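J.: What follows is each chain in one-letter form.
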Amino acid sequence: MLLRHTSKEVKEREGLTINPAKTCQPIGAMYAALGIHGCLPHSHGSQGCCSYHRSTLTRHYKEPVMAATSSFTEGASVFGGQANLLAAIDTIFSVYEPDIIAVHSTCLSETIGDDLQQITRKAKDDGKIPEGKRVIFASTPSFIGSHVTGYANMVTGIAQQFAVSTGVKKNQINIIAGWMEPSDMREIKRLAKELGVNIVLFPDTSDVLDAPQTGKHEFYPKGGTTIPELESIGDSLHTIALGSISAEPAAIALEKKCKVPFETLEVPIGLTATDRFIMSLSEIGGVTVPDEITADRGRLVDVIADMEQYLYGKRVALFGDPDQLVPLTEFLLDLNMKPVQIVSGTPGQRFEKTMRDILDARSPETKFKNGIGADMFLLHQWMKNEPVDLLIGNTYGKYMARDEDVPFIRFGFPILDRIGHSYFPNVGYSGGLRLVEKILTALLDRQDRDALEEKFELVM
Amino acid sequence: MEQISILEGRHKQVFEKKTGGEQVEISCDTSSLSGSVSQRACVFCGSRVVLYPVADALHLVHGPIGCAAYTWDIRGAVSSGPELHRLSFSTDLQEMDVIYGGEKKLYHSLIELIEQYKPKAAFIYSTCIVGLIGDDIEAVCRKVAKETGIPVLPVHSEGFKGTKKDGYKAACHALMQLIGTGSTENISKYSINILGEFNLAGEAWIIRKYYEKMGIEVVSTLTGDGRIDAVRRAHGASLNVVQCSGSMTWLAKEMEQKYGIPYIRVSYFGIEDMSKSLYDVAKHFPERPDIMEAAKQVVSEEVKELYPSLQKFKKALTGKKAAIYVGGAFKTFSLIKALRSIGMSVVLAGSQTGNKDDYARLKEMCDEGTVIVDDSNPVELSKFILEKEADLLIGGVKERPIAFKLGIGFCDHNHERKIPLAGFVGMYNFALEVYQSVMSPVWQFAPRKGVKI
Numbered sequence: 101m102l103l104r105h106t107s108k109e110v111k112e113r114e115g116l117t118i119n120p121a122k123t124c125q126p127i128g129a130m131y132a133a134l135g136i137h138g139c140l141p142h143s144h145g146s147q148g149c150c151s152y153h154r155s156t157l158t159r160h161y162k163e164p165v166m167a168a169t170s171s172f173t174e175g176a177s178v179f180g181g182q183a184n185l186l187a188a189i190d191t192i193f194s195v196y197e198p199d200i201i202a203v204h205s206t207c208l209s210e211t212i213g214d215d216l217q218q219i220t221r222k223a224k225d226d227g228k229i230p231e232g233k234r235v236i237f238a239s240t241p242s243f244i245g246s247h248v249t250g251y252a253n254m255v256t257g258i259a260q261q262f263a264v265s266t267g268v269k270k271n272q273i274n275i276i277a278g279w280m281e282p283s284d285m286r287e288i289k290r291l292a293k294e295l296g297v298n299i300v301l302f303p304d305t306s307d308v309l310d311a312p313q314t315g316k317h318e319f320y321p322k323g324g325t326t327i328p329e330l331e332s333i334g335d336s337l338h339t340i341a342l343g344s345i346s347a348e349p350a351a352i353a354l355e356k357k358c359k360v361p362f363e364t365l366e367v368p369i370g371l372t373a374t375d376r377f378i379m380s381l382s383e384i385g386g387v388t389v390p391d392e393i394t395a396d397r398g399r400l401v402d403v404i405a406d407m408e409q410y411l412y413g414k415r416v417a418l419f420g421d422p423d424q425l426v427p428l429t430e431f432l433l434d435l436n437m438k439p440v441q442i443v444s445g446t447p448g449q450r451f452e453k454t455m456r457d458i459l460d461a462r463s464p465e466t467k468f469k470n471g472i473g474a475d476m477f478l479l480h481q482w483m484k485n486e487p488v489d490l491l492i493g494n495t496y497g498k499y500m501a502r503d504e505d506v507p508f509i510r511f512g513f514p515i516l517d518r519i520g521h522s523y524f525p526n527v528g529y530s531g532g533l534r535l536v537e538k539i540l541t542a543l544l545d546r547q548d549r550d551a552l553e554e555k556f557e558l559v560m
Numbered sequence: 182m183e184q185i186s187i188l189e190g191r192h193k194q195v196f197e198k199k200t201g202g203e204q205v206e207i208s209c210d211t212s213s214l215s216g217s218v219s220q221r222a223c224v225f226c227g228s229r230v231v232l233y234p235v236a237d238a239l240h241l242v243h244g245p246i247g248c249a250a251y252t253w254d255i256r257g258a259v260s261s262g263p264e265l266h267r268l269s270f271s272t273d274l275q276e277m278d279v280i281y282g283g284e285k286k287l288y289h290s291l292i293e294l295i296e297q298y299k300p301k302a303a304f305i306y307s308t309c310i311v312g313l314i315g316d317d318i319e320a321v322c323r324k325v326a327k328e329t330g331i332p333v334l335p336v337h338s339e340g341f342k343g344t345k346k347d348g349y350k351a352a353c354h355a356l357m358q359l360i361g362t363g364s365t366e367n368i369s370k371y372s373i374n375i376l377g378e379f380n381l382a383g384e385a386w387i388i389r390k391y392y393e394k395m396g397i398e399v400v401s402t403l404t405g406d407g408r409i410d411a412v413r414r415a416h417g418a419s420l421n422v423v424q425c426s427g428s429m430t431w432l433a434k435e436m437e438q439k440y441g442i443p444y445i446r447v448s449y450f451g452i453e454d455m456s457k458s459l460y461d462v463a464k465h466f467p468e469r470p471d472i473m474e475a476a477k478q479v480v481s482e483e484v485k486e487l488y489p490s491l492q493k494f495k496k497a498l499t500g501k502k503a504a505i506y507v508g509g510a511f512k513t514f515s516l517i518k519a520l521r522s523i524g525m526s527v528v529l530a531g532s533q534t535g536n537k538d539d540y541a542r543l544k545e546m547c548d549e550g551t552v553i554v555d556d557s558n559p560v561e562l563s564k565f566i567l568e569k570e571a572d573l574l575i576g577g578v579k580e581r582p583i584a585f586k587l588g589i590g591f592c593d594h595n596h597e598r599k600i601p602l603a604g605f606v607g608m609y610n611f612a613l614e615v616y617q618s619v620m621s622p623v624w625q626f627a628p629r630k631g632v633k634i
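Going down the list, the sequences are from chains A and B.
Following the working numbering, the numbering of the first sequence begins with 101 at its first residue and continues without gaps.
Following the working numbering, the numbering of the second sequence begins with 182 at its first residue and continues without gaps.
Quick caveat, the hints were computed from the structure, so don't treat them as lab data.
Where hints are given, some of them may not hold.
[What the hints assert, rightly or not] Restraint-style ranges between C-beta atoms, simulated for each label pair:
{"no.": "1", "chain 1": "B", "residue 1": "LYS299", "chain 2": "A", "residue 2": "PRO487", "range": "19 to 29 angstroms"}
{"no.": "2", "chain 1": "B", "residue 1": "THR365", "chain 2": "A", "residue 2": "LYS111", "range": "34 to 44 angstroms"}
{"no.": "3", "chain 1": "B", "residue 1": "THR499", "chain 2": "A", "residue 2": "GLU557", "range": "49 to 59 angstroms"}
{"no.": "4", "chain 1": "A", "residue 1": "ASN485", "chain 2": "B", "residue 2": "LYS495", "range": "50 to 60 angstroms"}
Keep in mind the model is a prediction, meaning the values are calculated, not measured.
Idealized CB from N, CA, C, for every residue including glycine.
Just chain A, with the same shape it has in the complex (with noise of 0.2 angstroms):
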């Protein structure tokens, strides 16, 4: 009993963090800079941050993973980043050669007051940004939001600093991409593609954080929004942004600049999701939905009604990342399961009334909580309470599944443990056939490994 540690008990903690469900702003935002092509993404703060971010990154995808660091001092931190991060793009741009330079902050170096637009805007000015190369930037402190927000905050950078209006509009819909895996960056441009719908997706970390063996390190890999398509999302008709707190304010911020009409909606895990992103996108688009779209959705429902029998009343508890989590308690509601426990450490008031919404008439049951105190140790006094049949989340969860004896899936970032969630999608239908058939498989291997040798069944 690894967390033997964790009590029944749940009693107020005076704002002690155990077990954190979420991470701090800046890897999110290194995230987010790898979904364009040709950028290097760039720590201002101290060496340690950037090596955490790319370590925990490489970990999830067993890919290269590549970063620059302003590698604070104490100097730095007395009398302000400036000059390192001066010297870093100089560095960078000469030995580096990115088109892009994302720069994100970190906790030291909001707290010493570096403004990193004035420092790029002096960079501009200095000559030390070569034609035709850009640096981008975003406010990510550490002690704000979650590393979902620090996403949030480097997309919106992204949004605002490529974003031209020539005036003329160009016959393409934007998507942003909220916190998702690069498969489901590539299943979404598929599914756009099989609409017929001309898009630009961004960010895009797929052939990034996905590459094949080549036999060569690819510093930039082929992947990535480029700067053109960057460029014209100003002149598109209309934004789709996929994930109100990862998505939606590059939306906003993409409006307000060049006046691009925008809805937000779910990341598309599950049936409604789904349904709800492909009828959008078909409208805004103008087009039919194409009948193997349909029936892509028929073997979702067809595989849910075969097996609704394993599904039904199955207790879940899960944790991660908002606008993950918000689609995901809308499938398993639509499985006919019930999704009793629910923590994010990502903090907002959006979550809590959104998961209101979802569950006052559907399971006003549903414990749920999100933000400052809403950690795993939290969730696992909870399992310990009233125990749940299945439990998602990402690698953490494994302690408390161990721990409950529970089925376990593996959901959500980081994880650390499994292969898979960089090849096959969670979003569209394709991806909820894959979350049902992992669902199933870890209910029904528990079912054939508790059964009494009478009742061990060969047709399940």
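Place chain B on chain A using the hints.
T.: Frame of chain A; chain B shown alone:
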């Protein structure tokens, strides 16, 4: 170095061994250049890795959530008993705390945690931000120690205040506060502390067993499978045996000064260095020839079993080339010898934290043409690997996928190793892992080292 372009300003940190070539002194012990894609970490990281294995202590990270989240159970430093170290505790500082200070939060967190878990001691890690907002963590720690009766030790590990090595030192400083506070009654005269061994994959247990077979008492392991009570009585040992010299030499020197305990540097990797580390301890007790006899016995038994089993690997691996890029330089020496014993040569040797002496010794040890680097980066590593036609890279988590993308084998010799690589059995595991990876059939299907198939 004409053919390989390196980072401007890094020329002094890269060296190629050539007869008649310019004999420059390698520059090290510096912080990384701003803007480099460094593989290095920070002060906090150094402190955290050294103290982390102390399993019955409370480890509270005072700062925003990231520092605690990224160091939550990522090292396989195993414990034979308590596992409090595997949980993640953070004061999760918010914007208001940054403005008004985090002392109150720290105090309450400590009281709550100590009440709940009854740890033997508590380590409080300062992160970057704490160094800036000016929380007086010393005062909070004193107050809590007084109220709870356990040692509450501040670790000054603000990320920006130096390199990872300064973090080691801050950790050692905290350990020094504990050492000397326990009873040394009944400790044998023939006793040691094992320093700089973190029990990754259970390695400390293997080493401990060898010493115990020799009739040596191991008073404490710092810090693998560590316990506060053992740390408290470490000053009762007769000798400090220091591995991973980067992290623990400072502590050994302090203990020498304060308690008169001499120290020796050892390495447990490879047959040669492993045997030497047993002999060197035995030599320290000349009045007991039986200890040396027992050491010889251990070595002979182990080698008799190990040597034949290595031959299969040696046969397959002879002539293959390796690149080494690890944290400490001392490990590099052992790895060069260990690789030679299985027929492999080293074409690139580097470390994140080596010092001047380390690099001087490295230059001496390496073959003609070997590239030596300090604080390298992925571009450099990839270029040298291709240029020198390495078949294997030994490194850590960030280097692994680079090796595989290039189509060469990889061995994790950092904290993410899953099997013990120390000791005689560790040499077998090491050879097996190298063999598995270098000779893997997967490379038949892969375009290797930039060449199309």
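J.: All hints, please: hold or fail.
T.: Hints, verified against the model:
no.: 1; hint: B:LYS299 <-> A:PRO487: 19 to 29 angstroms; result: 27 angstroms, holds
no.: 2; hint: B:THR365 <-> A:LYS111: 34 to 44 angstroms; result: 40 angstroms, holds
no.: 3; hint: B:THR499 <-> A:GLU557: 49 to 59 angstroms; result: 55 angstroms, holds
no.: 4; hint: A:ASN485 <-> B:LYS495: 50 to 60 angstroms; result: 58 angstroms, holds
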